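A.B. asks: Going down the list, the protein sequences come from chains A and B. Anchor point for the first sequence: position 243 equals 243 in the numbering used here, and the numbering is continuous, going up by one each time. Anchor point for the second sequence: position 34 equals 34 in the numbering used here, and the numbering is continuous, going up by one each time.
These aren't lab readings, by the way, just hints derived from the structure by calculation. No false leads were mixed into what you were given.
The list makes no distinction among identical chains, and a pair is therefore deemed to hold if it is satisfied within one copy or across any two copies.
With a straight-line Cα cutoff of 25 Å, these simulated SDA-like cross-link-like pairs (lysine to any residue) come out:
1. Lys-255 - Pro-314
2. Lys-275 - Pro-88
3. Lys-224 - Glu-284
4. Lys-255 - Arg-316
5. Lys-129 - Leu-339
6. Lys-255 - Ser-276
7. Lys-255 - Arg-222
8. Lys-40 - Ala-86
Quick caveat, the model's predicted, so the values are computed rather than measured.
Given next are the chains, with one letter for each unit.
Number of protein chains: 2
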Amino acid sequence: MKTIEWQEDKLIILDQTALPHQEFYLELSNYLEVVSAIKKLQVRGAPAIGVATAYGIALGAQNSDADTTKEFLNEIEEICQSFSAARPTAVNLFHAIKRMKLASQSDGNVSLIKSTLIREAIKIHNEEKEATAHLSHLGAKLIKNDFTILTHCNAGPLATTGYGTALGIIIAAGEEGKKIKVFADETRPLLQGARLTTWELMRKGITVTLITDSMAGHFLSRGKIDCVVVGADRIAQNGDTANKIGTYSLAVLAKENNVPFYVAAPVSTIDFSLKSGEDIPIEERNPEEVTHIGGMRIAPEGVRTANPAFDVTPHRYISAIITEKGIVREPYQTQMSKLCR
Amino acid sequence: MKTIEWQEDKLIILDQTALPHQEFYLELSNYLEVVSAIKKLQVRGAPAIGVATAYGIALGAQNSDADTTKEFLNEIEEICQSFSAARPTAVNLFHAIKRMKLASQSDGNVSLIKSTLIREAIKIHNEEKEATAHLSHLGAKLIKNDFTILTHCNAGPLATTGYGTALGIIIAAGEEGKKIKVFADETRPLLQGARLTTWELMRKGITVTLITDSMAGHFLSRGKIDCVVVGADRIAQNGDTANKIGTYSLAVLAKENNVPFYVAAPVSTIDFSLKSGEDIPIEERNPEEVTHIGGMRIAPEGVRTANPAFDVTPHRYISAIITEKGIVREPYQTQMSKLCR
Chain A
1 MKTIEWQEDK LIILDQTALP HQEFYLELSN YLEVVSAIKK LQVRGAPAIG
51 VATAYGIALG AQNSDADTTK EFLNEIEEIC QSFSAARPTA VNLFHAIKRM
101 KLASQSDGNV SLIKSTLIRE AIKIHNEEKE ATAHLSHLGA KLIKNDFTIL
151 THCNAGPLAT TGYGTALGII IAAGEEGKKI KVFADETRPL LQGARLTTWE
201 LMRKGITVTL ITDSMAGHFL SRGKIDCVVV GADRIAQNGD TANKIGTYSL
251 AVLAKENNVP FYVAAPVSTI DFSLKSGEDI PIEERNPEEV THIGGMRIAP
301 EGVRTANPAF DVTPHRYISA IITEKGIVRE PYQTQMSKLC R
Chain B
1 MKTIEWQEDK LIILDQTALP HQEFYLELSN YLEVVSAIKK LQVRGAPAIG
51 VATAYGIALG AQNSDADTTK EFLNEIEEIC QSFSAARPTA VNLFHAIKRM
101 KLASQSDGNV SLIKSTLIRE AIKIHNEEKE ATAHLSHLGA KLIKNDFTIL
151 THCNAGPLAT TGYGTALGII IAAGEEGKKI KVFADETRPL LQGARLTTWE
201 LMRKGITVTL ITDSMAGHFL SRGKIDCVVV GADRIAQNGD TANKIGTYSL
251 AVLAKENNVP FYVAAPVSTI DFSLKSGEDI PIEERNPEEV THIGGMRIAP
301 EGVRTANPAF DVTPHRYISA IITEKGIVRE PYQTQMSKLC R
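Only chain A is shown next, with the shape it has when bound in the complex (with noise of 0.2 Å):
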């Protein structure tokens, strides 16, 4: 199973959104189609969302007819924007965008530079997949013998394209032998944890149980819970994280049981340039979401409804960040910028 892959003129995409009853895959041959996979969650979580971008851009770059380098340039502009505008948050997505602009401004004719950015995407993708394998690893050092761990979304490896973030470290932990329990929220409203990470775990043969997520609360309070490990969409300077709706709850949750609460991230999902989590735009999605699961209306017609994709959990109930650099803890402000040099 590879959530991205590479191959010469296409990208193929494992649909997330079909998963788990079909394991499907997408054969992307324009990078318009690669920006809708990523508006249709087909392909989603921060680290593979930078991934398909990088690829994406590549592909529009290679599919380029133009014959001048800056008509070449214009073209890969206007690439980006239709890649910047596919979603808001997940700052991975920015970052493979700056890179891939950055790959584009090398000398060279418009061939030299279309190979140098496909080598840019690929170096972004392997980048991802070592950083995430590191940070599990690091992560893992967290997870003791008998711990049931609580997880929220998916940051598996469907998320991550490699070893994935929060179910990286316990995948890790699993892997280093400790006998370990996983407790998944459903993760409404796309329900990437009951459809995809109970799906990762039961393939790596990990003990999961699914709970809704207005369950996780009952179980911190009743001691069931060892800590808390989650992914992230963006990261400021200051720790404040955003990562999927209901995250900030399970963090307040978390701290009021005495839980660890962990953010699991490489430190390409920190945006240096955000002093807190104000700053974070949040994503609001289609109504549908909410009013509707799997095509089947569950709710009135004509309901008012809100829909933000996430919310931002404060530093200061997060126990700590996990990155492929080293772990971090308060006073975040000043370990966070040692991760940057």
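Fit chain B to the known structure of chain A by using the hints.
C.D. replies: Below, chain B without anything else, positioned relative to chain A:
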């Protein structure tokens, strides 16, 4: 729209599992059908369960062919046992059984006791309606103009056969001319918020925004909510409250954000025999309620689940308990004991 209606030889109930798509009434002509309707949540909500139980026992008694009082009372005992096994958490069910048993001990022949039981069930029904109307108007004083109120699950007319508890207060505040808005948690697994609360509030012309359970913390943290009001399935002596799973999380999140958290329930929901919430039995329901939504599978085959239908909110998170006999605050132990005088 009537949640429960007694008609001489049968009980009519609005099938709450068919809402909001269909307004469908069940005609129940024997007590086992009533037990089944309670188990399946076709009738639900602690006060409504109590009323349905009372009528169900009256119905079973009415259908009895017993010739002697002794034989008849044995049948009543058997009927009561069926009801007491239907659902474990809502104490109103057990209160109703106790009162109906007591009524069956009255003097007279089988025919007279049958009439007594019907009168007692009607009395229980009327008392619940009066209690919820009264507590709704009392509680409405806590709702100020321009308030946005968060509620969980469904504690409206459907749940109570009368005015409602949590929703009763909201509806009463609206009737007083206060400008109010409501955020309704969808309330997985069975979506009472999405299906029933939105439906009831839209019919009353009250502005309601449907959110997933995981979004409540986000809106609390952003200052969008002025108070939280929920119902209850059982309240212990010390104020600890069992209510729909997810309530505890809301209470913690409300306290963390300095938002008042109110529980609304008739005195019949208080179990004066229990010292604390630790003693409240929590119903564990069918795993399919978690793995399926509306009959559609949302998780891999063979996944483990947990499905506690309720959680317990310790009294320290509760700003006030609103009953028909008054609004009670800390210290609950002493304040609540005054209610049963």
